[in-house]
Amino acid sequence: MHELSIAMSMVEMAAEEAARRGCAQVCAIHLRLGPLSGVVREALLFSYDVACEGTPLEGSRLVIEDVPVVVFCPACAAEQTLASVQRFFCPACGTPAPQVVRGRELEVVALELEQ
Amino acid sequence: MSSGPRLVEVRQNVLKQNDLLARRLRERFRAAGVFVVSLVSSPGAGKTAFLESVLTRLHPVRRVAALVGDLATENDAARLARSKAPVRQIVTGTVCHLDASMVERGLEEFRLEELDMLFIENVGNLVCPSSYDLGESLRLVLLSVTEGEDKPLKYPTIFNTADVAVITKTDIAAAVEFDAAAARANIQSVRPGMRIFEVSSKTGEGMDGLLQFLTEGKEVMSDE
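If you read the sequences in order, they're chains V and C.
Note that the first sequence covers residues 1 to 115 in the working numbering.
Note that the second sequence covers residues 1 to 224 in the working numbering.
There's no promise every hint is true.
[As the list claims (entries may be wrong)] Subject to a maximum C-alpha distance of 20 Å in a straight line, what follows is the list of computed SDA-like cross-link-like pairs (lysine to any residue):
| hint | chain 1 | residue 1 | chain 2 | residue 2 |
| --- | --- | --- | --- | --- |
| 1 | C | Lys16 | V | Glu107 |
| 2 | C | Lys154 | V | Glu107 |
| 3 | C | Lys154 | C | Ile196 |
| 4 | C | Lys16 | V | Ser84 |
| 5 | C | Lys202 | C | Asp171 |
| 6 | C | Lys16 | V | Val40 |
| 7 | C | Lys16 | V | Ala18 |
| 8 | C | Lys16 | V | Gly103 |
| 9 | C | Lys218 | C | Met207 |
| 10 | C | Lys154 | C | Lys202 |
Think of the hints as simulated: they come from the structure by calculation, not from any bench.
Assemble the whole structure, with the sequences as input and the hints as a guide.
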């Protein structure tokens, strides 16, 4: 369960960014989360509220955008979206496709700030 | 006068600090000519026994050392010290994984330029370590024959972020009716093309092939 330390880094980062921009409050953090990030969505949401307590982010929302796993299929020479992280085979032609293009994201993309 | 919240684009990797530090460590290892191998597995998969066997075999011919993460005890370091290779313990307390800063602190007692290979044993955990780059050259994921062939499907991320899979405790494979073909197929499903070794730390079976592979990895790195 490393989600709490990850939530705390996000909160710290957002508070710094808000302070830098002269904003008193962060209303929301928008996060892109891939299934291969190693972070569990539910655990992160739970940890987020705990991490926000007593910070300028108290009461803020964590908005998670789930990123699918996209691989490069060497046979199709194209990017393909996987239906399951248990099967790294091209959904179109069945070729093994170990090359991950997207799906490892753990990235804050935007903040909702109040002046 | 407030116009309501405004949306500000930031784009920042949450683990950026760790990733930057891991990159710096990787550069240090490369500059010092140390091939760094990390080990991840569930608790009880045999990481320490495996590492003891690796260190005991390599120590006479290579300058090897180990950095061992453990939640609360120093038992692993004591066991590994029997190999005569230098071993340092990182007691992580309640932290369930190693990160790059713990590795950096753990390195303080080593002279990297005097080493050929450094092994980093992560905390036994198949989830959290997958998020943290430690600056290693190679990540081994261990799977023991007692764990069940479907472990790779249950924990695809850790297998996907590792470079090589090592099936351990093969000396008792028959007793636990381990289906090696199913385990291999499941590993290939979550990480097609992954190199797989089968070893017994107890009998030494399969260790030569793995050690040769690691030694070749070190030589390739030195030639680059």
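Evaluated hints:
Note on C/Lys16 and V/Glu107: the hinted pairing holds, with a Cα-Cα distance of about 9 Å set against a maximum of 20 Å. For the proposed pair C/Lys154 and V/Glu107, the alpha carbon gap of about 24 Å is over 20 Å, so the pair is violated. For the suggested pair C/Lys154 and C/Ile196, the alpha carbons sit about 18 Å apart, so the restraint of at most 20 Å is met. Straight-line distance between C-alpha atoms of C/Lys16 and V/Ser84 comes to about 27 Å, which puts the hinted pair past the 20 Å bound.
For the proposed pair C/Lys202 and C/Asp171, the alpha carbon gap of about 8 Å is at most 20 Å, so the pair holds. Simply put, C/Lys16 and V/Val40 have alpha-carbon atoms about 18 Å apart, close enough for the 20 Å limit, and the pair holds. Between C/Lys16 and V/Ala18 the CA atoms are separated by roughly 18 Å; this keeps the pair inside 20 Å, and the hint holds. For a cut-off of 20 Å, the pair hint linking C/Lys16 to V/Gly103 stands: about 16 Å separates their Cα positions.
Restraint check: the Cα-Cα separation between C/Lys218 and C/Met207 comes to about 17 Å, which is no more than 20 Å; the hinted pair holds. Simply put, C/Lys154 and C/Lys202 have alpha-carbon atoms about 27 Å apart, too far for the 20 Å limit, and the pair is violated.
The earlier numbered hints that this structure contradicts are 2, 4 and 10.
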